[in-house]
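Whenever a hint applies, use it, and build me the whole structure from the sequences.
The chain contents come next:
Number of protein chains: 2
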Amino acid sequence: MKKNIEVCFSPELIHLHDINDKIVVVVDIFRATSTMITALGNGVSSITPVADLETCRSMKAEGYLIAGERNGQPADGFLLGNSPLAYLDNAFAGQKIAMTTTNGTLAIEKSKSGAKAILIGAFINLSATAQYLKTQNADILIHCAGWKGKFNLEDSLYAGALVSTLAQDFSISCDGAIAMKSLYETTKTNLPGFLAQASHAKRLQNHNIEADIDFCLQLDQYMIIGKLIGQELVAQSIETE
Amino acid sequence: MKKNIEVCFSPELIHLHDINDKIVVVVDIFRATSTMITALGNGVSSITPVADLETCRSMKAEGYLIAGERNGQPADGFLLGNSPLAYLDNAFAGQKIAMTTTNGTLAIEKSKSGAKAILIGAFINLSATAQYLKTQNADILIHCAGWKGKFNLEDSLYAGALVSTLAQDFSISCDGAIAMKSLYETTKTNLPGFLAQASHAKRLQNHNIEADIDFCLQLDQYMIIGKLIGQELVAQSIETE
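Protein chains in written order, with the numbering used here: chain A, 17 to 257; chain B, 17 to 257.
Calculated directly from the structure, the hints in this document are not laboratory data.
Glycine is no exception: its CB is placed at the ideal position from the N, C-alpha and C atoms.
The reader is advised that the hints may include incorrect statements.
What the hints assert, rightly or not - Keeping only pairs whose Cα atoms sit at most 25 Å apart, straight-line, the calculated PhoX-like set for lysine-lysine is:
| id | chain 1 | residue 1 | chain 2 | residue 2 |
| --- | --- | --- | --- | --- |
| 1 | B | 164 | A | 126 |
| 2 | A | 19 | B | 164 |
| 3 | B | 164 | A | 204 |
Unchecked claim - Among the chain B residues that face chain A by a calculated CB cut under 8 Å, a handful are:
| id | residue |
| --- | --- |
| 4 | 28 |
| 5 | 30 |
| 6 | 32 |
| 7 | 36 |
| 8 | 165 |
| 9 | 168 |
| 10 | 190 |
| 11 | 191 |
| 12 | 195 |
| 13 | 199 |
| 14 | 214 |
| 15 | 215 |
Structure (structure tokens):
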């Protein structure tokens with residue numbers, strides 16, 4: 017019997033899903049999980065997701081580099097905002113990061129109860145995540161961080177991309193997964209163009225970070241997965257076939 | 017400036033939307049709102065949506081025909097279930113109906129606070145609803161009844177159909193509307209085939225009501241809108257151009 021794959025569009029709906037024994041893939045494309053994968057792919061030793069700004073700030077004294085963002089803007093007093101580009105060229109390799117973001121860390125927190133494992137996903141490591149999931153004996157729940165509780169286009173399209181990639185190996189067990197698989201398959205040849213309509217992409221464009229958007233929509237830049245071990249996200253390499 | 021149109025995928029998310037002064041279009045394609053439009057299109061004088069079975073049952077003594085369904089099955093002791101076909105050929109013309117359904121009546125209830133007006137929508141009166149909305153000076157919120165709080169495909173595709181029909185006249189103000197407009201436009205030539213994958217369609221097929229499904233997916237059988245006036249849904253005719 018095939019394993020199941022399902023999609024939850026928002027942390028506001030996660031209570032309707034049974035997380036127990038599932039692998040939860042948390043996604044916040046613009047930009048938390050894309051940034052996390054970039055950081056891990058560029059050698060940071062771990063990322064600790066933190067719910068609030070104050071706790072995150074206090075971790076500086078413990079030797080963490082602190083990264084914080086609210087409403088798409090870097091937070092006051094933080095070394096790093098939420099741009100994936102800041103981590104390129106192994107800029108912070110070997111360091112521990114503490115990171116708090118508007119929606120992403122909340123979604124990770126809400127994914128914990130009973131999950132077999134929690135991954136973070138992004139377009140930039142889509143194939144690695146898919147390859148890993150195929151080898152695991154568990155149902156999958158893709159948990160979209162959304163925007164302040166609402167459905168958002170980029171996270172949902174990532175869900176569609178992952179479902180599409182895994183469609184041969186998994187049974188699609190909810191309407192959200194069916195809808196987004198189909199939408200991804202018809203828009204994937206021009207994902208940036210389609211997503212330019214999205215509300216959050218427009219917000220980000222207002223902050224002059226088109227380069228971040230373009231970066232986050234690339235496929236398969238990193239052949240690692242991002243996995244929560246204890247309180248820390250760490251990288252695991254995936255062997256290319 | 018154009019009026020706005022937005023989509024809410026579930027009553028579980030309606031608290032994130034500002035209903036105030038908007039026209040809310042409630043949709044529960046399989047089958048509450050399709051059945052209501054069919055009944056109104058076949059001459060019933062009014063439909064009173066009722067949240068619970070007991071209240072609905074008690075209204076029989078007040079002269080209402082009572083219609084009730086739970087989990088896709090007719091409820092015990094009710095004359096009518098939730099099949100639109102039962103109302104064809106003016107079978108209950110001139111009568112008052114009290115109706116309770118799993119998801120549809122809840123969505124109507126949750127749409128009331130501050131709305132300028134509440135309509136019920138279905139594929140079978142898509143053009144009539146669109147035509148009416150164009151003439152009104154109000155933003156629109158399409159409220160999908162969903163399935164036990166989750167996104168469902170048929171209600172969301174109706175939302176996409178209505179957004180697609182109104183795209184020239186309204187500004188699309190949320191990602192859910194963008195997603196479903198696109199999905200509807202790529203699936204509309206084979207809506208029944210695409211929806212056959214949907215979880216609720218599968219449930220209904222198990223109840224041997226394929227005829228209901230086919231009926232609910234037809235476009236524009238009735239040139240009326242269904243509008244809540246006080247506690248009653250009533251029909252208003254739309255002049256064809």
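Between residue 164 of chain B and residue 204 of chain A, is the straight-line Cα distance small enough, at 25 Å or below? violated, 31 Å
Can the restraint linking residue 164 of chain B and residue 126 of chain A be considered satisfied, given a maximum Cα separation of 25 Å? With Cα atoms ~20 Å apart, residue 164 of chain B and residue 126 of chain A stay inside 25 Å; holds.
Report holds or violated for the interface hint on residue 32 of chain B, using the least CB-CB distance to chain A and a cut-off of 8 Å. holds, 5 Å
With a cut-off of 8 Å on the beta carbons, see whether residue 214 of chain B makes it to chain A. Given a least distance of 5 Å, the restraint on residue 214 of chain B holds.
Under the criterion of a CB-CB separation shorter than 8 Å, is residue 190 of chain B in contact with chain A as hinted? For residue 190 of chain B, the interface hint holds, since the closest Cβ of chain A sits about 6 Å away, which is under 8 Å.
For the hint on residue 165 of chain B, does the least C-beta distance to chain A fall short of 8 Å? holds, 5 Å
Agreement of hint residue 195 of chain B with chain A interface, Cβ distance less than 8 Å: holds, 6 Å
Hint check: 8 Å Cβ-Cβ cutoff, residue 168 of chain B to chain A: At 5 Å from the nearest chain A Cβ, residue 168 of chain B passes the 8 Å test, so the hint holds.
Verify the interface restraint on residue 215 of chain B: the C-beta must sit less than 8 Å from at least one C-beta of chain A. This interface hint holds because 5 Å falls under the 8 Å limit.
Any CB of chain A closer than 8 Å to the CB of residue 36 of chain B? Residue 36 of chain B check fails; min Cβ-Cβ to chain A is 17 Å, beyond 8 Å.
Hold the hint about residue 30 of chain B up to the distance rule: shortest CB distance to chain A must be less than 8 Å. Hint on residue 30 of chain B: violated, closest Cβ of chain A at ~10 Å, above 8 Å.
A closest beta-carbon separation below 8 Å is what the hint needs, so does residue 191 of chain B meet it against chain A? With Cβ-Cβ at 4 Å, under 8 Å, it holds.
Hints 3, 5, 7 from the earlier list are contradicted by this structure; the remaining hints agree with it.
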